[in-house]
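Asker: Keeping their order, the protein sequence lines are chains A and B.
Heads up: the first sequence begins at 1 in my numbering, then just goes up one per residue.
Heads up: the second sequence begins at 1 in my numbering, then just goes up one per residue.
It should be emphasised that the hints constitute simulated quantities derived from the structure, not laboratory data.
In this text, a Cβ means the ideal position worked out from N, Cα and C, and glycines have one as well.
Treat each hint with caution, since some may be false.
What the hints assert, rightly or not - Keeping only pairs whose Cα atoms sit at most 25 Å apart, straight-line, the calculated SDA-like set for lysine to any residue is: (1) K135(B) to M258(A); (2) K245(A) to C75(B); (3) K245(A) to A168(B); (4) K135(B) to Q173(A); (5) K135(B) to A205(A); (6) K135(B) to V206(A); (7) K245(A) to A195(B); (8) K245(A) to F125(B); (9) K245(A) to A179(B); (10) K135(B) to K245(A); (11) K245(A) to M162(B); (12) K245(A) to L169(B); (13) K135(B) to Y268(A); (14) K135(B) to G267(A); (15) K245(A) to M83(B); (16) K135(B) to V17(A); (17) K135(B) to T272(A); (18) K245(A) to W163(B).
Claimed, not checked - Rough simulated footprint, nothing fancy, chain B against chain A, three-plus residues with beta-carbon under 8 Å: (19) 27 to 38; (20) 60 to 73; (21) 89 to 103; (22) 119 to 132; (23) 137 to 150; (24) 191 to 203; (25) 225 to 234.
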Amino acid sequence: MSFWERFEGMDPRYMYVFLALALLIPVFRPVGMPIAIDHAFTQPMFDWIERELRPDSLLILDTAYSPGAAAELDPQLAAIFRHLMRRGHKVVLISQWELGARLGTTVVRRVADAVGAEYGVDWVSVGWREGGLPWMRSLQDDFWAGMGGVDIDGVPFERLPLMQRLRAFRPGQVDGIICFVTGSPGAPTYITWFPEIRLHLGATAVMVPGLTPQLVAGQTRSLLTGLRGAAEYEVLIGEPGRAVKLMDAQSLGHLIIMALIILSNIGYAIRTRQGAT
Amino acid sequence: MRREIPMVLATVAAIYTFVWQVSHHAWETRWLTHTDLWRTFMMQVAVLLGALNLSRLQISNIRRRREHWPYSVLCLVVLWSYMIFGMTAYGLFAGRGNRHPIYLWFHDGVMVPAESTMFSLLAFFIASAAFRAFKIRSREATVLMVFAFIVMLARVPVGQAMWARMPALGTWVMAWPTAAAMRGMAIGIFLGVFAATLRVFLGLERRYLGTS
């Protein structure tokens with residue numbers, strides 16, 4: 001048996017070890033490679049928050065994801081929320097996914113504590129309610145009724161000053177939506193039923209090809225792409241965090257996968273040629 | 001009649017919903033809000049029916065001692081205990097059960113790490129699958145691989161370190177060829193869904209009644 005034949009029949013567990021090492025080593029010994037900003041996908045989100053939004057704007061942040069996407073979307077959410085608080089905007093956190101409500105609240109609460117944002121005044125988490133699309137549409141008529149009049153922890157909206165500004169999920173009361181998506185329901189809810197409100201997206205890398213047409217068409221104004229998007233945003237706001245640290249690991253992980261593909265193809269080409277002769 | 005009545009009901013409901021969804025009058029009169037309420041109510045009933053049906057299936061597995069029947073026991077215990085606990089932690093049907101600390105602990109301590117772990121394992125399976133399956137067997141496969149490499153390199157800093165314009169090339173690939181292909185797929189999928197829906201509208205699709 002030749003080397004290439006043995007290589008092609010390699011036990012997958014060796015590959016798992018290579019990949020694990022490729023992902024772990026840069027975490028402990030980061031290289032710190034420079035990160036370029038994507039001017040089509042990421043920059044518009046930053047410019048919108050930094051320059052276009054009028055002061056004291058109210059934004060809806062939708063954490064439409066589950067723990068599987070948290071590694072990519074939590075850093076995006078943290079960086080954007082940090083930026084919004086720095087610019088003095090207000091945030092109402094909602095979720096189309098049940099699990100996303102708790103995840104998003106945990107992330108935002110940690111950042112809010114760090115930047116001194118006050119719950120009920122600067123931000124509120126209203127959580128998730130059963131009902132799918134009809135529930136989301138009902139918020140256009142009466143946000144308070146649609147949410148049952150309480151936040152994620154059962155605190156009545158009457159006791160949260162920020163909620164006095166949000167009676168209906170409509171333009172005039174809501175200045176923009178940032179939706180963190182990993183599947184369905186997600187962006188189509190807002191593209192279809194809330195077209196008057198400016199929409200920005202943060203998505204897992206695997207979702208990006210499916211969402212790019214909406215970006216090109218202008219239905220969404222920006223699109224943060226996975227962990228890379230989070231890293232770019234951390235660089236833009238001048239506060240490199242977890243995403244920036246993990247980009248080296250992602251670099252090495254991609255290189256390992258590419259190296260494996262190239263090597264397996266060399267083996268395949270040699271084997272095919274030997275078979276032909 | 002057992003087949004005709006459900007068929008008529010499905011057709012009438014489908015046409016009614018379709019017309020109201022595209023009607024400006026429905027928006028102006030907020031009539032959609034009423035249909036939304038019905039839909040929400042029916043969704044809750046469907047969830048309950050689903051839970052009951054799943055339970056019936058699992059009980060049948062346990063009774064007949066089918067293969068892996070202990071998992072059926074586990075499924076029933078998790079399904080009903082978590083549901084009952086969620087509804088009763090603050091008093092039966094108080095609507096506050098999902099905020100109980102113990103209930104949340106199950107979510108934060110079990111659900112979150114379990115799902116994160118499952119998703120993380122995908123990276124290892126992808127590496128293994130790419131190694132075994134991603135072979136240049138044709139010109140199309142070669143094009144696919146070249147573009148896959150461009151996007152993979154463009155999305156990480158090492159690509160930029162190799163060639164400064166790599167990120168811009170990756171963005172171009174995503175914004176133009178990929179977007180064009182995804183649009184084509186989306187239109188194709190829509191036409192397929194529309195054709196399938198039209199069959200339900202016209203009563204031609206009857207498989208949901210248990211007949212071909």
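Asker: If a hint holds in the structure, say so; if it doesn't, say that too.
Answerer: Now for the hints, and whether the structure bears them out:
no., hint, result
1, K135(B) to M258(A), "12 Å, holds"
2, K245(A) to C75(B), "40 Å, violated"
3, K245(A) to A168(B), "22 Å, holds"
4, K135(B) to Q173(A), "54 Å, violated"
5, K135(B) to A205(A), "23 Å, holds"
6, K135(B) to V206(A), "21 Å, holds"
7, K245(A) to A195(B), "48 Å, violated"
8, K245(A) to F125(B), "24 Å, holds"
9, K245(A) to A179(B), "30 Å, violated"
10, K135(B) to K245(A), "33 Å, violated"
11, K245(A) to M162(B), "19 Å, holds"
12, K245(A) to L169(B), "24 Å, holds"
13, K135(B) to Y268(A), "7 Å, holds"
14, K135(B) to G267(A), "10 Å, holds"
15, K245(A) to M83(B), "40 Å, violated"
16, K135(B) to V17(A), "22 Å, holds"
17, K135(B) to T272(A), "11 Å, holds"
18, K245(A) to W163(B), "21 Å, holds"
19, 27 to 38, "holds (count 5)"
20, 60 to 73, "holds (count 6)"
21, 89 to 103, "holds (count 3)"
22, 119 to 132, "holds (count 3)"
23, 137 to 150, "holds (count 4)"
24, 191 to 203, "violated (count 0)"
25, 225 to 234, "holds (count 3)"
Hints 2, 4, 7, 9, 10, 15 and 24, counting from the list given before, are not met by this structure.
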